[in-house]
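Using the hints, put the two standalone chains together into the complex.
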Amino acid sequence: MNYIGEHLFPGQLGHFLLLLSFVSSLVASVAYFKATVARADDEKNSWKRLARIAFIADAVCVAAVFAIIYYLISSHYFEYYYVWNHSDRSLNTGYLLSSIWEGQEGSFLLWAFWHGVLGIILIFKAKKWEAPVMTVVSLMQFCLATMILGLYVFDIKIGSNPFLLTREVFQDAPLFNDPDYLSNARMMDGNGLNQLLQNYWMVIHPPVLFLGFASTIVPFAYAVAGLWRKNYGGWTKAALPWALFSAAILGLGIMMGARWAYESLNFGGYWAWDPVENASLVPWLIIVAGLHTQVVYNATGHSLRPTYFFYILGFILILYSTYLTRSGDLQDTSVHAFTDLGMNWQLRLFVLFFTIPALALFLARYKHIPFIAKEEETYSREFWMFIGSLVLFLSGLFIIIFTSLPVINKLFNTNFTVGSEVEFFYNRIQIFVAIVLGVLTAVTQYLKYKNTNKKNFAKKIALPLIISLLISGAISLFGGIEYRAFGPGFLAAIHLAIFASVFTFAANAGYVWSGLSGKLKAAGGSVAHVGFGMMMVGILVSSSKKEVLSVNYLNPLNFGSENKEKGTENMTLFKGIRTDMGKYWATYVKDSVDAFDKTTYFHVRMEKKDGKGDFVLTPDLIRNTKGQEGLSQNPDAKHYWYKDIFSYISYAEVMNPEKDTAQFRRHTMKPGDTAFYSGGYMVLDRVTPNPSNDRYQFTPQDTAIMAELSITSSDGRNFRATPAFYVKNNQVHYNMDTIHSQGLAIGLSQVVDNQHVGVVVKESSRLTPFIALKVLQFPFINLIWAGVILMIIGFIMSIVRRAKAIKPERS
Amino acid sequence: MLVGIAVVIAVLISMMGDLSTYETLASAKQKEGKSVTVIAMLDKSLPQPILYDPAKNANYTVFHVVDSLGNKAKVEYHFEKPFDMEKSERIVLKGKMKGDVFEITQKDGILIKCPSKYKDDPKAAENNLSQN
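These protein sequence lines map, in sequence, to chains A and B. Basically our numbering = 1-based index in the first sequence + 131. Basically our numbering = 1-based index in the second sequence + 323.
Hint data in this document are derived by calculation from the structure and do not stem from the laboratory. Positions of the beta carbon are idealized from the N, C-alpha and C atoms, including for glycine. A hint or two may mislead.
[Claimed, not checked] Facing chain A, according to a computed beta carbon distance under 10 Å, are these residues of chain B, among others: (1) S358; (2) V359; (3) D376; (4) A378; (5) Y383; (6) H401; (7) E403; (8) K410; (9) K417.
[Said to hold, decoys possible] Only pairs whose alpha carbons sit at most 25 Å apart, straight line, appear in this in silico PhoX-like list of lysine-lysine: (10) A:K739 with A:K774; (11) A:K706 with B:K379; (12) A:K259 with A:K288; (13) A:K676 with B:K430; (14) A:K729 with B:K354; (15) B:K430 with A:K714; (16) B:K410 with A:K774; (17) B:K379 with A:K721; (18) A:K677 with A:K729; (19) B:K430 with A:K677; (20) A:K893 with B:K379; (21) A:K769 with B:K430; (22) A:K714 with B:K379; (23) A:K259 with A:K935.
[As the list claims (entries may be wrong)] Not close to chain B: a few residues of chain A, all C-beta gaps over 12 Å, as computed: (24) I487; (25) E554; (26) F555; (27) V570; (28) A917.
If we strip away everything but chain B, and leave its shape as in the complex, we get (with noise of 0.2 Å):
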C-alpha cells in the first residue's frame, strides 16, 4: 500500500519537472527551440497585425505579438486563423521560438482571451444602449 503511494507521488513529482513555465517574449527567444508558453496581445501598432488568407492557404495564419515588457514577435500558426483574434484581449501561446518567429504547430497551441466570449460584457452591453 505504502510502496503504491510512494510510487504516485514519485510520478507527481516527476511530472511537475514536465511543467513549462510562462515565459515573456525575450526570455522565450533564449530558451530557443524549447516548448514555452508566452502571454501576449496583438501588436496593434502595426496597420494589419493578422495576415491571414484562407484563398490561398487556409491553413496558415501569422500575426504579430507584443508581450507586456514591450518586446515584439513575428508568430506562424499552422492552421486556421481562430475566430474572433481581432477582438482578443490577450493570447496565451504554446510554441518555441525559431530564430525571431515563435512558431505554433498544436492546434489548441493558441488560447484567445476575448472580453467575455461566453459571458456578460457590461462594456459591450452599455455600448450596446448608449449608441443611436
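Next up, chain A with everything else stripped away, as it sits in the complex (with noise of 0.2 Å):
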C-alpha cells in the first residue's frame, strides 16, 4: 500500500545513523584498544588516528539523530510511533525537548550525547592516557548503542528503534488499512508528555542528570587505565577535575530531581527515599566518598587502593541503577520507575559486562598497587578523611541494600519488604551519617597531613566550635524543633545532627580566613563543605519542623493510641466560604482554565488572621495525557525567603465529574417531628409565619412562612435550617437552605393543613463547589537548594584549581 503525506526519510536516514554509530563506536572500541596494546610507535599512532576518526563520527552521528527526532517531534510528524507517543501540538519548546527524554530510547541517546561531549574533550586533554581511557569509553558508546539498534537477530530484539512507525507498532489497527490515515483525526494530534513531566525542571533535569551519569564513566576509565597499564599512581592528578566535575554535576542533577518532585509531585517534599532517587543517590556518595581518598593520595600516597574501589564501584552503581529503573523490577517499591521494555536480559548483559572485567581486573592487581605499610597518625588528615569516605561508603551500601530488595527477593525467592515506615526507615540510620560527617567534616581541615601540633589544632578549632555550639544551641532551644512522632532519641540525634551541620558549616568558613587567609582560590574545597553544612540545616530543619497547616478537627477520628490528638490532615473548603484554617483563613475563591482545557488553576486567597500578608495559592489539577482519563495533582507554593507555604488539591469535583441524580424526599411533618437523613436526623422546632429576622424581612402583609429546623449529625455535630416559601404578584417563590458539609438542601414546599407542612430534602454532595486541600508549611527549605549552589560553586572552584595544577607535568 502506498501511504499518503508521510515523511519516510528522516527516519531512514536516522536509522542509518544509529547502524554507523553502532559500527564506528566498535571501530573506536577496537582502535583504541590496539593503540593500548601497540608497542611500536608507529602503529600507535596509526591506530589512535583511526579510533578518533571513528570515535568522532560516533559522537557526530548520536547529535545528529538526536537532531532528527526533535526535528520529527517540532514537527509533529505522528506519522512516527516516538513522536506520536510521546509529544503532542500543545506543547512549547521546552516540553518539546522534554519529550525526547521521556522515552527510554531518548535517554539512552542523551546517555551517549553527553559521553560523545566528554569523549571528545578527552582526545584533546588526555595525552598518553587518551588511548586506555577512550577505550573504555568506546566499548561504552558501543554497549549504548546496541539499546537503540531495533535490529532482530533470530527472534531476539536489540534495542529499541526511536524511528519505528506508528503503523509498523500498530499492525492490526483498522486505521491503518487506509493509505490516507494522516487525514484521520486519531493521527492529528499525537498522545502528549506526561502531565507530570510537564513542569520546567524536567527541561532541564534530565540532561543534567545525564550528564553526570556520563561523567562518572571518566573516573572509572582512568582507574581501569592504571590497573591495565599497571601504571597504578599515574593518573589520579589527571582524573581528579573529572571526578571533582562528575561529583558536581550528578548531585546538582539529583538535586534538581528532588525540586521537580517538590514542585510537581504530591509527596508533600522533595525527597521520599524512593528507590528511583536511591540509585542515582548512592553512585553520587561513592563518588564523592572515591575524590577525597583520591586527594589524600595525591598528597600522601595512603588510600590509593580504596580509590580505585570506589571509582570502579562508582561507575558499576550507576550501570545498576540504569538497571534497576528501568528493568520493571521496582513497580512495587516505586512510584516512578519505567517499565519493562522487553530488554531485561540485553540490561542485565550490559551491566554485567563492565562489572566482571572491571572487578576481575581490579581483583588482580590488587596487590600490586601501591600502599604504605604504616598506619595513618591519628592526628592526621588522611586519616580522617579516609575515615569520612569509609562512612559515606557503607551510608551509600545501607541505602542500596535496602533499595535493592526486590532484586534480592527475585534471586533468592525470598520476600522481604521495607516496613510502613519507609522514610524513618532510612532516616534513623542516615541521621548518624549526617552527625559523625558532619563533625568531621568541620574538624578535618584544621588537620595537617600527616600530623599536626595538638595545641595548634585546639587553639584553631576552639572558635568555630564555640560559635556552633552557640548557633546551634539557639536554634535548638528557641527553634521549636520537637518532631516526637519516633521518640526522644530520634529528637536527640536530630538536635545533634543540627549540631553537627552547623559546626560544618562554621567550621569550614572560618578555615577560608584562618587555614587559608582568605586566599579564595585554594578554598574551593571549604565553599563545597560550606555549602554541605547550610544543605544540611536545610534538610533538617524543614523537615523535622515541616507542618500541616490545613489540619481538620471538625472530623476527629479516632487514631488508635499512636495519635490520640492528632487532626486529620485535608481542609474541605466549600467555594466562597471563609474558613478557619490555624493561623490563616482560607476561602476558594474561584477557578480557572488554561487555554487548551488542560489545566484547571484553584485559587484559594489565605488571610493572614493577625493581618500581615495576604495572599493566593493556586494548586492545579492537569489532565492525563496518553489516552488515560482522569487528572493529576499540581502543588503550588508560597515562597518566603524563611519558609515555604505549599499546597496541593486532594479533591474537586472536576475529578469525578457525574450528573447530580439525587432527588428532592417529601416529608411531612408537624413540629416536634423528626425526619432522618443518611447521616443523622432533623427536628422541625417551629414554623412561624411572616418572619423578620437577619435572613427574611417580611411584614404581615405579606404571605411567607418559615421552618426553623435542627439538624444532629451522626457524629454529633448541630446545625440549624430555615427554609422558607412566600408568595408574591401571584407567584410562589421558595428560599431552600444549604447544610453544605451534610451535603443537604432543605425546602419547605407546602402547608399541608394547619397542623403539617411539607419539607422537602435532597442529598447531594454538589451543592456547592469544594476543594478538599492541603496545606503543609516548610520553614528555611531555601538553606537547601542556597546550599546546594553553594556546594557547586565550590565545586568549580577546585576543578578551576586543580585542572591549573595538572599544567605544568605537562610541558
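This is the structure we're talking about:
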C-alpha cells in the first residue's frame, strides 16, 4: 500500500545514522584497544588516528540522531511512533525537548550524546592516557548504541529503535488500512507528554542528570587504565578535575530532581527515599568518597586502593541503577520507575559487561597497587578523610541494599520489604551518618597531612566550635524543633545533627580565613563544605519542623493510641466560604482553566489572621495525557525567604464529573416531628408566619412562612436550617437552605393543613463546589537550595584549581 | 577500623530483623496488630469497592480488597483517596489488621500500581487509535 503524506526520509536517515554509530563505536573500541597495546610508536599512532575518526564519527551520528528526533517532534510528524507517543501539538519548545527524554530511547541517546562530548574533550586533553581511557568510553558508546539499535537477530530484539512508524507498531489497527490515514482525526495529534513531566525542571533536570551519569565513566576509565597499563598511581592528578566535575554535576542533577519532585509531585516534599532517587544518590556518595581518597593519595600516597575501589564501584552502581529503574523490577516499591521495555536480558548483560572485567582486573591487580604499610597518624588529615570516605561508602551500601530488596527477593526467592515507615527506616541510620560526617567535615580541614601540632589544632578549632555551639544551641532552644513522632532518641539525634551541620558550616567558613588566610582560589573544598553544611541544616530544619497547616479538627477520628490528638490533614473548603485554618483564613475563591483546557487552577485566598500578609495559592489539576482518563495534581507554593507554604488539591469535583442525580424526598411534618437522612436526623422546631430576622424581612402584609429545623449529624454536630416560601405577585417563591458539610438541601414546599407542612430534603454532595486542600509549611527550605548552589560553586573552584595544577607536568 | 566495620555489620543485621515480609490477607489476620505489607487488588465484584465522600470527610477512604488467594478485607485509610485508585491493577498496603479491618494510618501506606502511570501504556495507546 502506498501511504499518503508520510515523511519517511528523516527516519531512514536517522536509522542509518544509528547503525553507523553502532559500527563506528565498535571500530573506535577496537582501534583504541590496539593503540593501547601496540608497542611501536607508528603502529600506536596510526591506530589512534583511526580510533579518533571513528569516535568523532560516532559522536556526530548521535548528535545528528538527536537533532532528527527533535525535528520530527517539533514538526509533529505523528507517523513516527516516538513522536506520536511522546508529544502533542500543545507543547512549547522546552516541553518538545522533554518529549525526547520521556522515552527510554531518548534518554539513552542523551546519555550517549554526553559521552560523545566528554570523549572529544578527552581526545584533546588526556595525552598519554587517551588510548586506554577512550577504549573504555568507546565500549560504553558501543553498548549504548545497541540499546537503540532496534534489530531482530533470530527473533531476539536488540535495542529499541526510536524511528519506528506508528503503523508498524500497531499493525492490526484498522485505521492503517486507509492509505490516507494521516488525515484521520486520530492521527492529527499525538498522545502527549506525561502531565507530570510538564514542568520546567523536567526540561533541564534530565540533561544535567545524564551529564552526571555520563561523567562517572571518566574516573572509572582512568582507574581501569591505571590497572590495565600497570601505571597505578600515574593518573590520579589528571583524573581529579574529572572526578570533581562528576560529583558536582551528578549532585546538581539529583537535587534538580528533588526540586522537581517538590514542585510537581504530591509527596509533600523533595525526598521520599524512593528507589529511583536512591539509585542515583548512592553512586554520588561513592564518587564523593573516591574523590576524598584520591585527594589523600595525591597528598600523602595513602588510600590508593580504596580510590580504585570507589571509582569502579561508583560507575558500576550507575549501570546498576539504570537496570533498577528501567527493568520494571521496582514496580512494587517505587512510584516512578520505568516499566519493562522487554529488554531486561540486554540490560543485565550491559551491567555485567562492565562489572565482571572491571572487578576481575581490580582483584587480579589488587596486590600490585602500591600502599603504605604504616597506618596513618591519628592526628593526621588523611586518616580522618579516609574514615569519612568509609562512612560515605557504608551509608551508600546501606541504602542500596535495602533499595535492592525487590532484586534480592527475585534472586533468592524471598519476600522481604521495608516496613510501613519507609522514610524513618532510612532516616534513623542516615541521621547518624549526618552527625559523623558533619563533625568530620568540620574538624578534618584543621588537621594537617602527616601529623598535626595538637596545641595549634585545639586553638584553631576552638572558635568555630564555640560559635557553632552557640548557634545550634540557639536553634535547639528557641527553634521549637519538637519532632517526637519517633521518640526522644530520634529527636536528640536531630538536635545533634543540627549541631554537626552548623559546625561544618562554621568551621569551613572559618577555615577560609584562618587556614587559607582568605586565599579564595584554594578554598574550593571549604566552600563546597560550607554549602554541604548549609544544605544539611536546611534538610534537618525543614523536615523536622514540617507542619500541616490544613489540620482539620472537625472530624477527629480515632487514630488509635498512637496519634490520639492528631487532626486529619485535609481541609474541606466550600466555594466562597471563609474557613478557619489555624493562623489563616482560607477561602476557595474561584477556579480557572488554561487555553488548552488541560489545566484547572484553583484560587485559594489565604489571609493571615493577624492581618500581616495575604496571598493566593493556585494549586492545579492537570488532565492526564496518553489516552488515560482522570487528572493529576500539581502543587503550588508561596515562597518566603524563610519558609514555603505548600499546597495541593486532594479532591475537587472536576475529578468526578457525574451528574447530580439526587432527588428531593418529601416529608410531611408537624412541629416536634423527626425526619431521618443518611447522615443523621432533623427535627422541625416550629413554623413561623411572616418572619422578620437576619435572613428574611417580611411584614404582616406578606404571605410568607418559614420553618425552623435543628439537624443533628451522626457524628454529633448540630446545624440549623430555615427554609421558607412566600407568595408575591401571585407567584410562589421558595427559599431553600443548605447545610454544605452534610450535603443537605432543605426546602419548605407547602402547607398541608394547619398542623403539617411539607419539608423536602435532597442529599447530594454537589450543592456547592468544594475542594479538599492540603497545606504544608516547610521552614527554611531555601537553605537547601542555597546550600546546593554554594556546594556547586565550591566544586567549580576546585576543578579550576586542580586543572591548573596538572599543566606544569605536561610541558 | 575493624571495630567500626563490625559495628556497621551488626547494625545492618539488626536492621534486617526489622524488615517485614509480604503477607497475604489471611496471614495478616493471624498477625493482628502487627505492621505488615500486603499486595492486593480492589474487589471489583462489589458495585462500589471504594467509598469516599469528601464533602463529609475528606480524610477518610474505605475500600474493599481481595488478594491473590481470594481472601477479602475492608481497608480503612485515614487520608484522601489516592488519585487514579479506581484504575489500579494492584495496591501495596502497609498497615495493621484490626479485627476484620485493615487499618492504614500512614499517608504513604498505600502504593497504587496503575497500568503504568508514568510511562507508556501500549494498550491504552492502541485503544486510543482503534476507537472511533
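Unsatisfied constraints (hint numbers, rising): 12, 14, 16, 18, 25, 26
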